[in-house]
Amino acid sequence: MYVDARLLGTFTELAHDGAEAATRSLTQLTGVEASVDVTKVSLVERDAVGSSLERGSFVGVQFGLEGGLSGRAVLAFEREGSEALVAGLLGGAADESMAQSGLSELGNIMMSGFIDGWADYLGTSIAHSPPTYVEAQGSDLFDAGPASADDQAFVFHSGLQCAAQEVTVAIYVLPDADSMAELLSTRSAESIAVEKLAAFNRMTREGAQTAAENVTLLSGVETEAEVARLSFMPIENVPEAFDDTTYIGTAVEFTGTPSGFLLVLFDERAAAAVAEALVPTAAGEGSLTADHNGAIEEIGNVITSGFVDGWANVLQRSVDHTPPRLVHDMGRALVDPLVAQLGQHQRHAFVVDSRMHTAEFAFEIGVHAFPDERELRAALSELDVDRADQTEADPTAFF
Amino acid sequence: MKLYDGRETAAGSDAPGEASEPDRHRVGIAEYAVSTTGATLTTSGLGSCVGVALYDERAGVAGLVHVMLPSATGPGEEPAKFADTGTMLLVDELERAGASRRRLVAKMAGGSDMLDFSTGASIGDRNVQQVRRTLADCDVPIVGEDVGGEYGRSLRLDGDTGTLVIRRANRVETTL
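If you read the protein sequences in the order shown, they are chains E and W. Note that the numbering used here gives residue 707 to position 128 of the first sequence, counting from 1, and the numbers run on in steps of one. Note that the numbering used here gives residue 268 to position 113 of the second sequence, counting from 1, and the numbers run on in steps of one.
Isolated chain E, as found in the complex:
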C-alpha cells in the first residue's frame, strides 16, 4: 500500500473541516464555545492509538463507520468537564442515565457533522452506527482493534478545546486498513510505501528505546520508551499540537537527507530530577544552576545523537547535527520558530514524536523531530526496510 502525501494533506483538511462542523454542533447544542486546536493524521502502533489522551478519566461515544469510509470513530470527553456540556445540553444537572444518553446524542450529532464533508468529497455516502457509550481511563478508551498482521494503524485525530470550561474533547477516526488503502490508492511522485513509513516508526521506537536506556545508564533514573508516532498535518497545526507548559531541553538543526530540527523536552520536574541525578547539588523546580543546565544539555545531546545517528545508519545517509542549544520556554513557543523555518518551503509537515516515561518520578521526556517533508520522502523512498533495526548509537562516545 502506498500513501500520497498530497492526498494525506487533503484528508487532514477534510478531518479539520469535519472537526469544525462537529464543534459548531457542540456549541449550538450546549452553548459552550469551543475551537479546534489541532488535526493530524498519524501512523501509530495499534495499542497506542489513544496515547495522546492524558491519563485522566474519560467518557466516550463510539461508532462504526461504513460506506465510503469504513472503520471506527470515537469521541472522547474529559469526564469532569463533560458535566458542563451535559448541563448546557439539558439545561441543568442530570442523573447518570440522562447524562449518558445526553452525551450519546451529542456525540451522534457531532459525528454526523464530522463525516458529512468526507462523504461530499468522496461522492458517496458514509453511514455511522448508533452511538455506544463507554467510560475508561486515558488511552484505555480504545481497544486495540481486530488482530492484524499489521501492527500499526492510521488514525485521524482532532483536539477540541472549550474555552471557558477548559474541557478537552477529542475525535478519533480509525479507518480499516482496506478502506485507507482505497482512499489513498492514487500513485504519484509523492507516494510513499506504507511499509517504509511503518519501518521508520519502528526505527523511531528503537531510537527511543536506546535513548531511554542511555538516560537510565547516565542518570540512574529508570526510564522507558513509551510510544512512537509519525504524524502529518498542516504546518500551522504543528505548534498547536503542543501545550503552553514550560519545558527545559535542547534543540538542534540536523543537516543531510533529511534535514530538519529536533527537540528534546523535559518538563521542569523531569529536568530537575535528571539534572540532580547527574550533578550532586539540589535543584528547585524551575531554578536549575548552570551545572544542572549543562547536564541537561549533555543528556539532550546523547538523546539527539541516538536518534540522528540511528537514522543515518538505517538510511545509509550522512546526517549531522549542530551542537545542542539549551531551551527553557513554553512548548508551543519552542516549536513555532522551528516549523516556521520549514513553512517557508512546505505547507504540510511530518512530525516524528516519541515519549519516554519514568514511573519513579511520574514525568515524561519528549523527543520531537521536524524533518523537511520532501527530503524525508526522498530518504524513505530509498529506505531498505530490512535495515530498520540497525539504529545503535554508542552513548559513551559523548562523555
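No lab work stands behind these hints: they were computed from the structure. Backbone N, C-alpha and C define an ideal beta-carbon position, used for all residues, glycine too. Check the hints yourself; a few may be wrong.
To be clear about the criterion: a stretch of chain E counts as covered by chain W if any three or more of its residues have a C-beta under 8 Å from a C-beta of chain W, and this derived list gives those stretches [unchecked claim]:
1) 611-620
2) 817-831
3) 898-911
Now the in silico label distances, taken between C-beta atoms and shown as ranges [to be verified]:
4) W/T228 <-> E/T834: 47 to 53 Å
5) E/A698 <-> W/S255: 21 to 27 Å
6) E/R603 <-> W/G231: 49 to 55 Å
7) E/E714 <-> W/R251: 56 to 62 Å
Given the coordinates of chain E, work out where chain W should sit on it, guided by the hints.
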C-alpha cells in the same frame, strides 16, 4: 473568520441569578477573531509568530490575528497565516464589524529570534517588519509593541479596553 457579537453563546450558558463570566475566545495560529462585545481574545505560544491587535475605542470593536510567516509564496494559502495578508484581513474585518480605519490603533507582540538557525534576518524580525509595513500602508498607528528577544509570549486582548497583556514562560507580564 470568528466574529463574537454576543449572539453565538447566549443559549443555555447562564442560569438565572448566576454571575456571567466575560467571554474568552482563543485564536489559533493562522487564525483571527473580532469582538464587538468586549470579549477577551487570547493566543498563546508565540515564538517567531506575531500577534497583531487592533482596537477602535469608539466603536467598541477589537480584533486579534496570529500570523506565522511574512508573506505567502503561492496561491490558495490561508490569509491569516501571513503578516501582510493577515494584518490587511484584520483591518478589513474590523471595518466590516463597525470600526473606522481612521480610529484604529494597533499593538503587536512576538517576533522572537529564538531558535532561528537560518542566516540573515530571522523570521521573527521579518514578520515584525512586514506587519509594520502593512499597518503603515493602512495608516494605522502602532501604539504599543513588545517584539524580538529570545523568549516566547502568550497574549490576552481585552476587547473592552484594547489593553494587551503579554505573558512570558517565567510569568513576567507586560501590559500595553
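Comparing the hints with the structure gives:
no.: 1; hint: 611-620; verdict: holds (count 5)
no.: 2; hint: 817-831; verdict: holds (count 6)
no.: 3; hint: 898-911; verdict: holds (count 8)
no.: 4; hint: W/T228 <-> E/T834: 47 to 53 Å; verdict: violated (22 Å)
no.: 5; hint: E/A698 <-> W/S255: 21 to 27 Å; verdict: violated (44 Å)
no.: 6; hint: E/R603 <-> W/G231: 49 to 55 Å; verdict: violated (24 Å)
no.: 7; hint: E/E714 <-> W/R251: 56 to 62 Å; verdict: violated (45 Å)
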